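K.L.:
Residue-level listing of the chains:
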Amino acid sequence: MSEPSLPALDDAWAIFGASSGLAREFARHAARHNRPLILAGRDVEDLELDGRDLVLRAAPAVRTMKFDALDPAAAAQAAGTLDAALPGRFNVLIAFGVLGSQAEIEADPALAQEIISTNAGAAIALMLALAPLMERRQGGRLVVVGSVAGDRVRASNLVYGASKAALAGACGPLRARLARSNVTLTLSKPGPLDTAMTFGLARGLPLASAADCARDLWQAAQTGKPVRYFPAIWRWIMLVIRLLPGPVFHRLKF
Amino acid sequence: MAEVLRSLSGFGGVRHSLCHVVRPQRRAQLLHLLQGEAGPLLARGFGRAYGDAAQIESGHVIDMTRLDRLLDFDAETGVLACEAGMRLAEIDRLFLPRGFCLPVVPGTGWVSIGGAIAADLHGKNHDRVGSFGDHVQWLDLLTADGNVRRLDPIATPALFAATIGGMGLTGIIVQAAVKLQADARPAIAVRERKLTDLDALLLALQAHRPIATYSVAWVDAMARGKSLGRSILEIGEPAEARSTLKAAPARRLPLKPPEFVPLKWIGKGFNAAWPARIPAAGRDRVVSRERFFYPLDAVAGWNRFYGKRGFHQFQCVLPDERAADGLRRMLELTVRSRAGCLLAVLKTLGSAGRGYLSFAMRGHTLALDIPARADAPEVLAALERITLDCGGRVYLAKDSALSPEALAAMYPELERQRIAWAEIDPQGRFQSDLSRRLQIRETAP
Chain A
2 MSEPSLPALD
12 DAWAIFGASS
22 GLAREFARHA
32 ARHNRPLILA
42 GRDVEDLELD
52 GRDLVLRAAP
62 AVRTMKFDAL
72 DPAAAAQAAG
82 TLDAALPGRF
92 NVLIAFGVLG
102 SQAEIEADPA
112 LAQEIISTNA
122 GAAIALMLAL
132 APLMERRQGG
142 RLVVVGSVAG
152 DRVRASNLVY
162 GASKAALAGA
172 CGPLRARLAR
182 SNVTLTLSKP
192 GPLDTAMTFG
202 LARGLPLASA
212 ADCARDLWQA
222 AQTGKPVRYF
232 PAIWRWIMLV
242 IRLLPGPVFH
252 RLKF
Chain B
2 MAEVLRSLSG
12 FGGVRHSLCH
22 VVRPQRRAQL
32 LHLLQGEAGP
42 LLARGFGRAY
52 GDAAQIESGH
62 VIDMTRLDRL
72 LDFDAETGVL
82 ACEAGMRLAE
92 IDRLFLPRGF
102 CLPVVPGTGW
112 VSIGGAIAAD
122 LHGKNHDRVG
132 SFGDHVQWLD
142 LLTADGNVRR
152 LDPIATPALF
162 AATIGGMGLT
172 GIIVQAAVKL
182 QADARPAIAV
192 RERKLTDLDA
202 LLLALQAHRP
212 IATYSVAWVD
222 AMARGKSLGR
232 SILEIGEPAE
242 ARSTLKAAPA
252 RRLPLKPPEF
262 VPLKWIGKGF
272 NAAWPARIPA
282 AGRDRVVSRE
292 RFFYPLDAVA
302 GWNRFYGKRG
312 FHQFQCVLPD
322 ERAADGLRRM
332 LELTVRSRAG
342 CLLAVLKTLG
352 SAGRGYLSFA
362 MRGHTLALDI
372 PARADAPEVL
382 AALERITLDC
392 GGRVYLAKDS
402 ALSPEALAAM
412 YPELERQRIA
422 WAEIDPQGRF
432 QSDLSRRLQI
442 RETAP
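Chains as they are written, first to last, in this note's numbering: chain A, 2 to 255; chain B, 2 to 446.
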């Protein structure tokens, strides 16, 4: 990608899992707001195409980097790269994740490890690796993509829900710690979005647009909202669901 | 990549087919498709083809809408390269502020670049600028052998001509370069005139043809007798926006008319009320490009208006010298048959397209919605006969009823298209319900 001069990267957004539907739309928002971008993911060749798109949409500079969440060295390497490339304040979106099929996981429980490692393990490791960098720069936005599924874990979505619950658990104390250095942490909790992750799941499931979610999340990040449900109605739905007594909740079929 | 069994139909909603649908998010997922799957396949964009052009019963349909990235833009030449899933209205939204726009847009902004090329579509300025394919510099086609080939009119004239207007049947368009029009204006100055009958309309169209940038006539398809062809002619010229012309947010069709209300009543009411907006002397106003080009996009789901059974759209082009006669016969036929046509659209076309199966030829093009009722096949067959009789042709992107014999008679370059297919897709991997219905690849007996 175009090799940017360093000052141009001020207030950049580093996006992890940049090929995901939500991340791609979020990056387009950042580009529209003239922010430099660093796109991180497994398919770097494809991220180069996103890079060309974002430059034409007004991003002043875009770089890509390889990031494989399941590589134990990935978090430290990413932190090193960002530290070198971004001397000023920067922002981070952590958007990678896998859904997995609960039926397949029950047939082969070892699959649970991979899903939880990706969604929770790798994401938390990355947050912890990047936190000191952001603290040193005394500012920036950290945005983490969680899920309404983590608010109360359902049997039909046990592993994914548990991974997002763990991620949400880590966000609380980290948010408090980062706040002392003027860094905000926004946990995004979208309902099902119309992305590659949900493509082909049960029909009739109302899917919200990833572009709308990204726009909403961009605004939430700018004002440092701690938690953002999307669509907003999920906040109230999940409030009710969290209040259901266990014996009632676990008898529900969904 | 997840695959899902879905019932797909064209925009008219007449015929539904169960298809295995995938929606690649990354380029590599698309390129790998041809290695794995066997059986027929086809790319699909936003599903705005009215008939059965973008579906294949029991085959694989590749939803291209997530491969929608801009790739290159040269502000000197105006050439834009982008992925095939990029939406036309999105290109205008992104490039109008830089003074560029697409030279050719159809009646809806919900068309992908790939779909625009595959249908070689036309706009309201065909006399001026030709069809969409005339502005394509090159395209990359993923072919049945799994390779991606760069096609352009100089180096690969035959495969290029087979793909422009080729209805997606030569392969999957991965990316393409289109020359945008410079000096684009954000608005259109529209002059609307009422015309009392077909002769007056044809005269007015003829008079504006050499001078107007955009022209389109909305014909009351229920007017009979002396009023046959009663219409409103819109002439548009690019303009600066007078004030801020915000596109109205898309509204959903508020409610479907209940089935027991005859369409005819609704049509009568509409055709009486709609022209009443315009004073006898006509009127002038400045509207946004969206409003002028995509009036129906403002009502999301308008295609449900005709009810569950859906509707056919018939669009033909008739050579100029036979247009007056042919159009009169067509309008008389639809009025008499009570087919339930409410409104027709009439435009002029300038010259032939670059593709072997390109729709355009110099002439007049008429589009009609025909509700899918018991008499629809009969009406469509009669319209096909008049088209053939006048030496015209039917637009495949809208078609749901043409016969194989008529196709061969209307498209004289079909044989050259078939030669190109023999080279590029000898196994016939790329198919659609339309290609099967029209036996498009079979040589005549």
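Think of the hints as simulated: they come from the structure by calculation, not from any bench.
Small disclaimer: the values here were computed from a predicted structure and weren't measured.
Just so you know, not all the hints are guaranteed correct.
To be verified - Going by beta-carbon spacing under 8 Å, a handful of chain B positions derived as facing chain A: (1) 3; (2) 5; (3) 71; (4) 75.
Claimed, not checked - Some chain B residues flagged as far from chain A (calculated, every beta-carbon gap over 12 Å): (5) 29; (6) 82; (7) 176; (8) 200; (9) 269; (10) 362.
To be verified - Which stretches of chain A does chain B cover? Using the computed rule of at least three CB atoms under 8 Å from a CB of chain B, they are: (11) 51-59; (12) 163-173.
The beta carbon of each residue, even a glycine, is placed where N, CA and C say it ideally should be.
K.L.:
For each hint, tell me whether it holds in the structure or not.
P.N.:
How the hints compare with the structure:
Contact between residue 3 of chain B and chain A, as hinted, is supported at the beta carbon level, the nearest pair being about 4 Å apart and thus within 8 Å. Proximity of residue 5 of chain B to chain A holds as hinted, the smallest CB-CB distance being about 4 Å (cut-off 8 Å). This hint holds: residue 71 of chain B has a C-beta 4 Å from the nearest C-beta of chain A, less than the 8 Å allowed. A least Cβ separation of about 11 Å between residue 75 of chain B and chain A goes past the 8 Å threshold, and the interface hint is therefore violated.
Here residue 29 of chain B does not stay apart from chain A, with its beta-carbon only about 6 Å from theirs, under the 12 Å limit. At the 12 Å boundary, the C-beta of residue 82 of chain B falls inside the reach of chain A, the nearest C-beta of that chain being 9 Å off. Annotated as non-interface, residue 176 of chain B brings its C-beta within 12 Å of a C-beta of chain A; the closest such distance is 9 Å. The Cβ of residue 200 of chain B sits about 49 Å from the closest Cβ of chain A, beyond the 12 Å cut-off, so the non-interface label holds.
Chain A leaves residue 269 of chain B outside its interface by the beta-carbon criterion, the shortest separation being 38 Å against a cut-off of 12 Å. No beta-carbon of chain A comes within 12 Å of the beta-carbon of residue 362 of chain B; the shortest separation is about 36 Å. Counting residues of the stretch 51-59 of chain A whose C-beta sits closer than 8 Å to any C-beta of chain B gives 5, which meets the bar of three, so the coverage hint holds. With 0 residues having a beta carbon nearer than 8 Å to a beta carbon of chain B, the stretch 163-173 of chain A misses the requirement of three or more and the stated coverage is violated.
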